[in-house]
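S.K.: Here's the letter readout for the chains.
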Amino acid sequence: MYAYDEIDRTLVNERVSEFRDQVKRRLSGELTEDEFKILRLQNGVYLQLHAYMFRVAIPYGTLATNQLRALAHVARKYDRGYGHFTTRQNIQFNWIKLAELPDALEDLAKVGIHAMQTSGNNMRNVTSDQWAGVAPGEIEDPRIWSELIRQHTTLHPEFSFLPRKFKIAITASDHDRAAIKIHDIGLRLIKNEKGETGFEVLVGGGLGRTPFIAKTIKHFVHGRDILSYIEAILRVYNQYGRRDNIYKARIKILVHELGIEKFSREVEAEWQHIRNSSLQIDDEVIEDIRSRFTYPAYEKLPHMPDELRQAAADPDFEAWRKNSVAPHKVPGYSIVTISLKPTGGPPGDATAEQMDALADLADKFSFGEIRVGHEQNLALPHVAKRDLPALWKALDKLGLATPNVNLITDIIACPGLDYCSLANARSIPIAQELTRRFANHELANLIGRLHINISGCINACGHHHVGHIGILGVEKNGEEVYQITIGGRADENAALGTLIGPGVKFDEVADVIEDIVEAYLALRERPEELFMDTVKRLGVEPFKERVYATR
Amino acid sequence: MTSPLEQKKIKIAGPSIVTANRTWDGIVVYRTATKSWSADLSEAAIVRNSDEAKALLAESVADDVGAIGPYIAPVQVGADGKIEPGNLREQIRRTGVTIGQSAQV
Chain W
0 MYAYDEIDRT
10 LVNERVSEFR
20 DQVKRRLSGE
30 LTEDEFKILR
40 LQNGVYLQLH
50 AYMFRVAIPY
60 GTLATNQLRA
70 LAHVARKYDR
80 GYGHFTTRQN
90 IQFNWIKLAE
100 LPDALEDLAK
110 VGIHAMQTSG
120 NNMRNVTSDQ
130 WAGVAPGEIE
140 DPRIWSELIR
150 QHTTLHPEFS
160 FLPRKFKIAI
170 TASDHDRAAI
180 KIHDIGLRLI
190 KNEKGETGFE
200 VLVGGGLGRT
210 PFIAKTIKHF
220 VHGRDILSYI
230 EAILRVYNQY
240 GRRDNIYKAR
250 IKILVHELGI
260 EKFSREVEAE
270 WQHIRNSSLQ
280 IDDEVIEDIR
290 SRFTYPAYEK
300 LPHMPDELRQ
310 AAADPDFEAW
320 RKNSVAPHKV
330 PGYSIVTISL
340 KPTGGPPGDA
350 TAEQMDALAD
360 LADKFSFGEI
370 RVGHEQNLAL
380 PHVAKRDLPA
390 LWKALDKLGL
400 ATPNVNLITD
410 IIACPGLDYC
420 SLANARSIPI
430 AQELTRRFAN
440 HELANLIGRL
450 HINISGCINA
460 CGHHHVGHIG
470 ILGVEKNGEE
480 VYQITIGGRA
490 DENAALGTLI
500 GPGVKFDEVA
510 DVIEDIVEAY
520 LALRERPEEL
530 FMDTVKRLGV
540 EPFKERVYAT
550 R
Chain D
0 MTSPLEQKKI
10 KIAGPSIVTA
20 NRTWDGIVVY
30 RTATKSWSAD
40 LSEAAIVRNS
50 DEAKALLAES
60 VADDVGAIGP
70 YIAPVQVGAD
80 GKIEPGNLRE
90 QIRRTGVTIG
100 QSAQV
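In the order they appear, the protein sequences are chains W and D.
Following numbering that gives the first Met the number 0, the numbering of the first sequence begins with 0 at its first residue and continues without gaps.
Following numbering that gives the first Met the number 0, the numbering of the second sequence begins with 0 at its first residue and continues without gaps.
Some hints here could point you the wrong way.
Said to hold, decoys possible - Keeping only pairs whose Cα atoms sit at most 20 Å apart, straight-line, the calculated DMTMM-like set for lysine to aspartate or glutamate is:
1) LYS36/W to ASP62/D
2) LYS166/W to GLU199/W
3) LYS96/W to ASP39/D
4) LYS543/W to ASP506/W
5) LYS23/W to ASP62/D
6) LYS76/W to ASP355/W
7) LYS76/W to ASP24/D
8) LYS96/W to ASP63/D
9) LYS96/W to ASP62/D
10) LYS96/W to ASP24/D
To be verified - Here are some of the chain W residues that sit facing chain D, going by a computed Cβ distance under 7 Å:
11) LEU26
12) GLY28
13) THR31
14) GLU32
15) LEU46
16) LEU48
17) LYS96
18) LEU97
19) ALA98
20) ASP417
21) PRO428
Bear in mind the hints are in silico, worked out from the structure with no lab data behind them.
Virtual Cβ for every residue (Gly too), placed ideally from N, Cα, C.
From just these sequences and the hints, can you work out the full model?
M.R.: See below:
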């Protein structure tokens, strides 16, 4: 966990006071909506179809149990008893009243949570690997660097009025769980030949109506220079980024139009002006941040405790363990992913009761720590293997032990037309129907790893471009129509999916996905060949033929 | 923000209403014939041509304290005068999300 210092606490508390005054002036009519809109957006407050939506940041996806309980409290007291975890390590509350928002913010501030920069044209929540600090083989904990960037960019005047929103993600593992290649800046923590810590810096990734996979702009930037290098990128973006056309305002468009070589030269020139300035990071600064992250006092525990050996006889436990439990860097411990994708449920939703109960379980089994991943699931990062059977039983009672992590029903979906004012089509009901169609866990296991991503509009909050199967909802002649892509991925080999053909109607989507899956099962050469391997081997044509032959 | 009145020429293809979200709590509201807002669609003022729509939108925009983001939305008016939303988006805004349990109060 990271402990805020006095500066952070003061900043968060002052922000609450400012916003309380702004809301008061808005409700009295002293501020018009035009004047107020930018202020509410800077505090994570959107207007959606039914109500205001309040987006709260969970920096680098790390939550303490008192923070999760505070989120449960907000869900219960100010909302409708649940929250929605997003694809960028945020949580959204969908029914909040503007008049009560300052109180909700104040309650969250007591535990160091805020909503700063969760919307607006600024630097958004810096995201990272939800297994940070516990993943085997990690270079080092990427949250230290995430926190450094968070501190530097929070309310930074130069980054508060960017041409468009700006997102940074950091990973420190070979397997990218932070989806860095679809971010404006992606940072991969590496060591150089001297053993020094630094970053491969990628730039210009993003989805939306013009998707791009990020390109490497520099193969190694020393850790001490990372702030100046990021700032150089942002200065070039601030100078040349399009402000006249919202659809061309993201940095990905600038990188694409200039070309990575020219963009890189511009950044390099800017960097030479500022790299030896106060932006160069002293080791003491990093060490101070490092010292504020606390790690559990792990015990020396057996790799295969008796409790785990005995529980292995239970096929339900084994089904869950196989998909939800991952190796930990410390022997005798595991990382447990908590699926927020129950059969028939909206992906990423958790009730206040579930959040409270999960906080209790985290206190009991995970040293009081919870993580939030971009796949809209949660994780307990430090679970002793001997506790896995007891944890599983407790999670099962809460409806949080669906054994589908990384399987076909572990669907990423945006809120879609059920909530979102930008959406053209519904996402969640499509996800719900698919989880029912593939509810048989034996079938889901037979299919193996397969990610479905659903977006309800071209803004792509459900990351459909990078789903193994991507589903994009659009509106055509007043009807919801869904375009299907296959072959996308969001990991270290990130790729954009390929459209397989004309869109299909709402009622046909689940049938089409079944056809694609049946085609895959028939086409794969062996059970170990994953969906993505088959797509890579054969291309989209066989799937296209299967889907459209009878339509 | 550009005023809705300046965004484009107002054309309506059939009976329409003006809808928005109430400022203090964000709930869906409809502009009434008595120059106020109601959460009940049946109380919405119906406009049937561009001039009426423009006028209703103008007075709605002017009430910046009462509600935010007003816009014109299509409706269907039955023979009995009953007003129904004219598209899926407005149907969802009126009756709530279509996703079942976790969205209930």
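S.K.: Does each hint fit the structure? Answer for all of them.
M.R.: Here is how each hint holds up against the structure:
no. : hint                 : verdict
1   : LYS36/W to ASP62/D   : holds (16 Å)
2   : LYS166/W to GLU199/W : holds (16 Å)
3   : LYS96/W to ASP39/D   : holds (19 Å)
4   : LYS543/W to ASP506/W : holds (19 Å)
5   : LYS23/W to ASP62/D   : holds (17 Å)
6   : LYS76/W to ASP355/W  : holds (13 Å)
7   : LYS76/W to ASP24/D   : holds (14 Å)
8   : LYS96/W to ASP63/D   : holds (17 Å)
9   : LYS96/W to ASP62/D   : holds (19 Å)
10  : LYS96/W to ASP24/D   : holds (4 Å)
11  : LEU26                : holds (6 Å)
12  : GLY28                : holds (4 Å)
13  : THR31                : holds (5 Å)
14  : GLU32                : holds (5 Å)
15  : LEU46                : holds (6 Å)
16  : LEU48                : holds (5 Å)
17  : LYS96                : holds (4 Å)
18  : LEU97                : holds (6 Å)
19  : ALA98                : holds (5 Å)
20  : ASP417               : holds (4 Å)
21  : PRO428               : holds (6 Å)
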